[in-house]
Amino acid sequence: MSKHGYESGRLNLPFVGHCTFAKSPVCTDWDALDADVAILGAPNDMGTQWRSGARFGPRGIREASTLFSFGHAGAYDHEDDVMYLTASDVRMVDVGDADIVHTDMATSNANTEFAVRKILEAGTMPVVLGGDHSIHAPVIKAFEGRGPIHIIHFDAHLDFVDERHGVRYGHGNPLRRASEMNHIVGMTQMGIRNVSSSNRDDYEAAHAAGSKILSVRDVRRLGTEGVLELIPQGVNYYITIDIDGFDPSIAPGTGTPSHGGFLYYEVLEIIQALAKRSQGNIVGMDLVEVAPVYDPAGVTSILAAQLLLNSIGFIFHERACAR
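Take the sequence shown: its letter number 122 is residue 143 in our numbering, and every next letter is one higher.
The hints are simulated quantities; they were obtained by calculation from the structure and are not laboratory data.
Please read these numbers as outputs of a predicted model, since none were measured by experiment.
Heads up, some of the hints might be wrong.
Unchecked claim - Pairs of lysine-lysine, BS3-like flavour, derived with a Cα cap of 27 Å:
#1 K233 <-> K297
#2 K233 <-> K139
#3 K139 <-> K162
#4 K233 <-> K162
Could you build all of it, start to finish, from the sequences and the hints given here?
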């Protein structure tokens, strides 16, 4: 039987020490990266059209993630009867943040892309903490030559605007920019609803690019297995999660809340089912638009951290089972 990790070393409670993601070791030398997962912050919210503040998302998520780092040697899930996030399954490090240059979106995006490329060159899976959703464009660009990739997108908004007044890299554009890349072969976009960031032309462009668009009510009607049947097989998967895909009753800390959103298990069960079906073939993730200032209780950051840690656990458990 595996030990839970309380018997030796420091207790190292959540409120003690440095706020790396889940208290993972720090790796600031990106040329010496040796891990299965690298947590990267991209604290850029210059693409925001309304309420800013997502630049503090990486700090908020990292702090919240310490709640789940009590020194266990993994995380036991009694429903699955599985120990997730064990040292034998996954080695995780926190590589800090991409350098963001205020008011300079081009340089900030280039720095973000560079950071993700360094992670990929090390054979490591990037998990990127935004920042607003504009950060997805440079992150997914870093995967050039690593396709075919199908994007799994959870969001209230389609994010398929081509441009507005010449702006092509705001937080309403990233999935449109991704669709223009040769290594992206399709998207499943879930949670899209109500007053949105896109007009009819953008929806038609998304469909033409091979996107399957599902509302929250579509997902609930189909169920997890029904959704999975619509996602193509035989490709790599990349997951991008806008926290406003969740209902603001559980995720109020975001710049553009939209009522009628997902609850926690609706998203988690799709990710777990995809990880199981693909044997963990999920090559990267980002989670964006957490703006802690709008949520004094911190539940949005906790939701983000919990979702990411469970997702990482599922992905690498399935990879280990497939070995």
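Against the structure, the hints come out as follows:
Restraint check: the Cα-Cα separation between K233 and K297 comes to about 21 Å, which is no more than 27 Å; the hinted pair holds. With a C-alpha separation of about 31 Å, the suggested pairing of K233 with K139 is violated against the 27 Å cut-off. Simply put, K139 and K162 have alpha-carbon atoms about 13 Å apart, close enough for the 27 Å limit, and the pair holds. Proximity of K233 to K162 is assessed by CA-CA distance (about 21 Å); at most 27 Å being required, the pair is judged to hold.
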